[in-house]
Every structure is written in C-alpha cells, then in structure tokens.
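Asker: Sequence:
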Amino acid sequence: NCSIAVCWKLMAAKEVDAVVSAGNTGAVVAAGLRTRLFLKGVKRPGIAVVLPTLTGGSVLMDVGANPGARTEHLYQYGVMGSIYAQKMLGIEKPRVGLMNIGTEEGKGNELARETHQFLMNSSLKDVYVGNVEGRGLYEGEADVLICEGFVGNVVLKVSEGIASMMMKMLAGAVIGALKEEQQLAKAAFVEVSKKFEYNEVGGAPLLGIDGICLICHGSSDARSMTNALSGAMRLKDRHVNDRIVEQLAAHAGG
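Numbering (this note's numbering), first residue to last: 1 to 254.
Just to be clear, a hint being listed does not mean it is correct.
[Unchecked claim] Subject to a maximum C-alpha distance of 30 angstroms in a straight line, what follows is the list of computed DSSO-like cross-link-like pairs (lysine-lysine):
(1) Lys236 <-> Lys157
(2) Lys40 <-> Lys168
(3) Lys125 <-> Lys93
(4) Lys107 <-> Lys125
(5) Lys40 <-> Lys125
(6) Lys157 <-> Lys107
(7) Lys93 <-> Lys168
(8) Lys43 <-> Lys14
(9) Lys107 <-> Lys43
(10) Lys157 <-> Lys87
(11) Lys168 <-> Lys125
Just so you know, the hints here were simulated from the structure itself, not pulled from any lab data.
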C-alpha cells in the first residue's frame, strides 16, 4: 500500500494519466515493471534525460531502468528517444548515437559491437551516426545517445557531480573578477547555471510505459515538481506514446 505502488495501480486502472514521483528511482521503476504496463511493442521501458550540450541538449537513454539491456532494447531506446527529441525538443530529424569507449568499428563489449551492427541496418540507419565517446555527448555529436542503464546512470551521476563542482568554482571566480560589472556577470552566471539545474527540468520520463511516468530528483523542490507536472501534461498533449506505438509497429523487426 505504499504511495508509489498505489499510483501505478491508479494508472493501470486508467484513473489517472500520469505518475510523477520524487521517490526512490529503483522503487518507481520496479513498481512500474511489476504492472507490465508497457506500450504495445515495447520490450523494456527506459529512462530518458536531456543533458546540456554545446549545441543545446541531447537525450540520453537509458539512465537506470534497465542495466541488463539487450540489443533490441537499445534499438527501441533509439526509436523512443528520437520521438521524444522530436516532440519535446523540437528536433526535426534527431541524430542517434551509441555510447561507447571509442568511435572506431569493433570498439566496446559484445553488446556494443552487436548493437552497432544492428543499428547500421535498422530503421534508424539514415540517422545513426555511429559510436560516440563520452566527451562527444557534450559536444553535441548526436541528439539521442543510447546505452544500457548501468552506463547511463554513471554518465548521469558524473555529469551532475562535475556540473555542481564547476558551478561552485565559477560562482566566486567570475563574479569576483568582474566586480565593476557584477550585476551583468551574475545574470550571465545564473543563465548558464540553469542549464545544469535539475529543478528547471522537473523530471525524467520513463518511456515505453502505457501512461506517463516522470521520475524526479530526490532533492526536488516545489518548482521542480511543478515543472514535472507541466512536463507530464506536455507528454500527453503531444501524443508521444501514440507516436512510439506507431513507429515500433511500422518497424517491428528493427
């Protein structure tokens, strides 16, 4: 009878359209998987986040829902992540990349090598840009980057840590060095820091669910939760799930 389980039961019964939670990510995902409330054609849902890049932002998926992903899961993350980028970020033709330890052919573990070959011959082949290293994520080399949940979660947590450290280091350095233009410097710093602030985003969607689920940071404040609720409404209004079902049905074999 915990609140997370109750929320999922309500969505399964179609009494609510969305679940928005700042509870434990593992518990939220586990409760969702237990209901088997998957969109038609989806093998395994995944969590998508938008990370800031030099070109705007890139979707990273999966960041923790499925650490034991298979090739078919990663392909579907490419499809779902692309639709999310189109509908929510306004990217007309998202470029898809595979997170790997190198850009060359044959790099990575068996899953990475197998997935790379699969994507090159899949429905995503025209937008697949190949293997992308970690640094390529922030350079904006792809609009959608796919990986299994273990790698994605490490990338996300490292990104959060580096962003927090950099913001603290820059806060004093930039404003202190430009005392005569302090207001201008402060305004510029605030604008940049917003790109790394999870409260501005609200929550990360668990894509592939027959419904809407947004997972929020455990330290979310009222602003963050409000933004997450707004995000849930946009996901519904922009028919993201309908598009996912259409695309997976059209390319059932990849």
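Asker: None of the hints should be skipped; say for each whether it holds.
Answerer: Comparing the hints with the structure gives:
1. Simply put, Lys236 and Lys157 have alpha-carbon atoms about 28 angstroms apart, close enough for the 30 angstroms limit, and the pair holds.
2. This hinted pair does not check out: Lys40 and Lys168 have alpha carbons roughly 45 angstroms apart, beyond 30 angstroms.
3. A hinted pair counts as satisfied when its Cα atoms are at most 30 angstroms apart, and Lys125 with Lys93 qualifies at roughly 12 angstroms.
4. Straight-line distance between C-alpha atoms of Lys107 and Lys125 comes to about 19 angstroms, which keeps the hinted pair within the 30 angstroms bound.
5. With a C-alpha separation of about 23 angstroms, the suggested pairing of Lys40 with Lys125 holds against the 30 angstroms cut-off.
6. For the hint linking Lys157 to Lys107, the alpha-carbon distance of about 24 angstroms falls within 30 angstroms, and the restraint holds.
7. A hinted pair counts as satisfied when its Cα atoms are at most 30 angstroms apart, and Lys93 with Lys168 does not qualify at roughly 36 angstroms.
8. In summary, the hint linking Lys43 to Lys14 is supported, as the alpha carbons are separated by about 21 angstroms, within the 30 angstroms threshold.
9. Pair hint Lys107 plus Lys43 holds up; C-alpha atoms about 26 angstroms apart against a cutoff of 30 angstroms.
10. With a C-alpha separation of about 26 angstroms, the suggested pairing of Lys157 with Lys87 holds against the 30 angstroms cut-off.
11. Between Lys168 and Lys125, the direct Cα distance comes to roughly 41 angstroms. Violation of the 30 angstroms bound is thereby established for this hinted pair.
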